[in-house]
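Participant: From first to last, the protein sequence lines stand for chains A and B.
Residue numbers for the first sequence follow this note's numbering, beginning at 1 and rising by one.
Residue numbers for the second sequence follow this note's numbering, beginning at 1001 and rising by one.
It is worth saying that the hints were derived from the structure and are not from the lab.
Please note: incorrect hints may appear among the correct ones.
Stated by the list, open to error - Have a look at the derived ranges for each label pair, beta carbon to beta carbon: (1) Ala142/A <-> Ser1353/B: 54 to 62 Å; (2) Thr191/A <-> Arg1380/B: 34 to 42 Å; (3) Thr1010/B <-> Ala142/A: 26 to 34 Å; (4) Ala1319/B <-> Pro111/A: 26 to 34 Å; (5) Ser217/A <-> Phe1364/B: 53 to 61 Å.
All values reported here derive from a predicted model rather than from experimental measurement.
Just so it is clear, CB atoms sit at the ideal spot from N, CA and C, and this is done for glycine as well.
So the chains spell out like this:
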Amino acid sequence: MPSPPKPSQTSPSLPVVEAVELTKIYHRGREEVRALNAATFRIERGEFVAVVGPSGAGKSTLLNLLGCMDAPTSGTLRITGQEVQGLSDQQRTRLRREQIGFVFQHFGLMPTLTVAENIALPTLFARRRLAQRVDELLEQVALSHRRNHRPHELSGGEMQRVAIARALVNNPQMLLADEPTGNLDTATGDTIISLFQQLHQAGLTVVVVTHNTPLASATQRQLTLRDGRVD
Amino acid sequence: MLLLALRNLTRRPLRNALTLSGLAVAVAVLACLSAFGQGYRSQLGSELDRMGMQVMLVPLGCPYDAAARVLKGKTLDNSLPASALTLAQHDPAVAVAAPLLMVALPRPSEGRTDMWVGLDRAALPLKPWWRMKSHVTPGSNWFPSDDSVILGAEAAVTEAREPGDKFYSPETGQTLRVAGVLERSGTSDDSLFFVPLATAQKMFHQPGRLTAIALRLRDPALISEATTRLQRIPGAQVVTLTEMMGTFLNLVGSVRTLLLAIAVLAVTISTLSVFNTLLAAVVERTGEFSIMRALGASRSQVFGLITIESLLLTGLGSACGMGLAAGLGYGFENIVKQWVPFAPSGSLLSLTSSVMLRCILISFGVGIGASLYPAWQASRLHPADAVKMD
Ligand SMILES: Nc1ncnc2c1ncn2[C@@H]1O[C@H](COP(=O)(O)OP(=O)(O)OP(=O)(O)O)[C@@H](O)[C@H]1O
Ligand SMILES: [Mg+2]
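Kindly produce the complete structure, drawing on both the sequences and the hints.
Facilitator: See the structure below:
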């Protein structure tokens, strides 16, 4: 069974995400693309939320802003109570490293590193040594027997489990996943969905972007985006 | 981090190996050159010290060429007038004036040219380090009779002669007796044939001819006044050995400058190749760097990773280069010796720790320099792009 995440340092009454009139404008040549248009929403601590909507609706854009990978053009965004618009790249990097775990559609494992080393990678960036935590996570995603394998020796589902373990290694406040089952067949996708559910039950805040109906229906709540607006 | 960098180096083995070997060659050339320069200076100094003379009178012509030929045991086309010897002997500053006749004896049947040196007893004090295996009187350093020949160690080996053996020179029709064999000295003397001056003049049909006069002064301080007087001797010119050493060092200096230019070029090319390798690696791994950024790597950590990879590459390259220099340096030395006037016979290479340190510093500089731009590129990658990447 998944171990519960470390208790949060911030007050439990604060929402993990609080977005007010959140806007992101991309510039493509002279053209302005309003990928996110004055979106206002909250995500409470421990929620399991699916972000859904048609292609190009701004789902990935939203997730990138939540993950502090990009700065919003305007509006307010608070992550665990901290305002992130106007933070420098360095400050956003720190927030990302300490508060957020990210899972990609394409897994994003380092091909030269073993499973265990891939999981430990974020601790290297955070300058921590958590050998025990890696063992724990390997067990949690049921890959202890694969710890010294390279990513190319794993199946897609195994790779995604490694990626999830890696996202959890720094004990984040929130797990973000962009189409985590997009590259997997239905059966493998189901194991990933149940892993997310376990994490949610253990108290972690989980936000997934998905087109996948089973994953969306496994969540507590769906946040629907249409043309950059929250429905 | 180091582990990650190391792993990344192993993923393009061929490309990295090529870059590595380019750098290794550049470092090896550089190491050899620096080592060579230092070795040459110290060798030349000690060899000139052992000459026992400070001044040489040579026929008119290019004085340094003439002096170098005499020192290396090669012939001269011009001769000194006989009067030069008398005038030199009467100079108040001169302690020893040793007339020399050097003749090249081509031996087409053997495929080489032997060098014969005629000298008289006056030359003995100039060769205080002559040690000889003699059969006549042990310890004797001179020709017991007119038909004596003293062989350099090398010459004795090629002629297969021992002291006491008869020695027939078919080209001149002269029969001689080996009075002694010099012990190996590491100088040009090793390959020479020494005979009394008069014998040499007779056997080569050059009566009275002298090709050089080696002079030792009563006091080295008298050198400038002695030089002024000796310069007035008609048909002769004066070369001082200190002057000559300076000229040799200058000549060697220009050869070195040329080789140094090649080495600088080699280092530049290998810097560019390291740069190219890193840039290609960054382009190829854009996705990975974005993902690292998304996982919480700071810009400086990504920058550092590329720099470490670069330093690993150049560090390994310079280690190989140093090995190459130590291994192949002696072959290189032989090539260089042919280029350089009056190359001393000892080893010119001295791979000292200061030479190695310099090479390590240079390759460190190459590593940092070549990684700056690729590392900057990688560190600028956007974490948000990680989502789009494969
Ligand atoms: N870096 C960018 N530069 C310019 N335009 C961008 C950029 N990223 C996204 N966009 C545009 O912003 C809009 C929203 O993109 P986003 O990727 O958020 O959509 P999405 O909902 O994730 O779509 P999909 O379901 O296809 O992944 C799109 O019109 C897209 O073309
Ligand atoms: Mg998307």
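Participant: Go through the numbered hints given earlier and state which of them the structure violates, listing their numbers in rising order.
Facilitator: none
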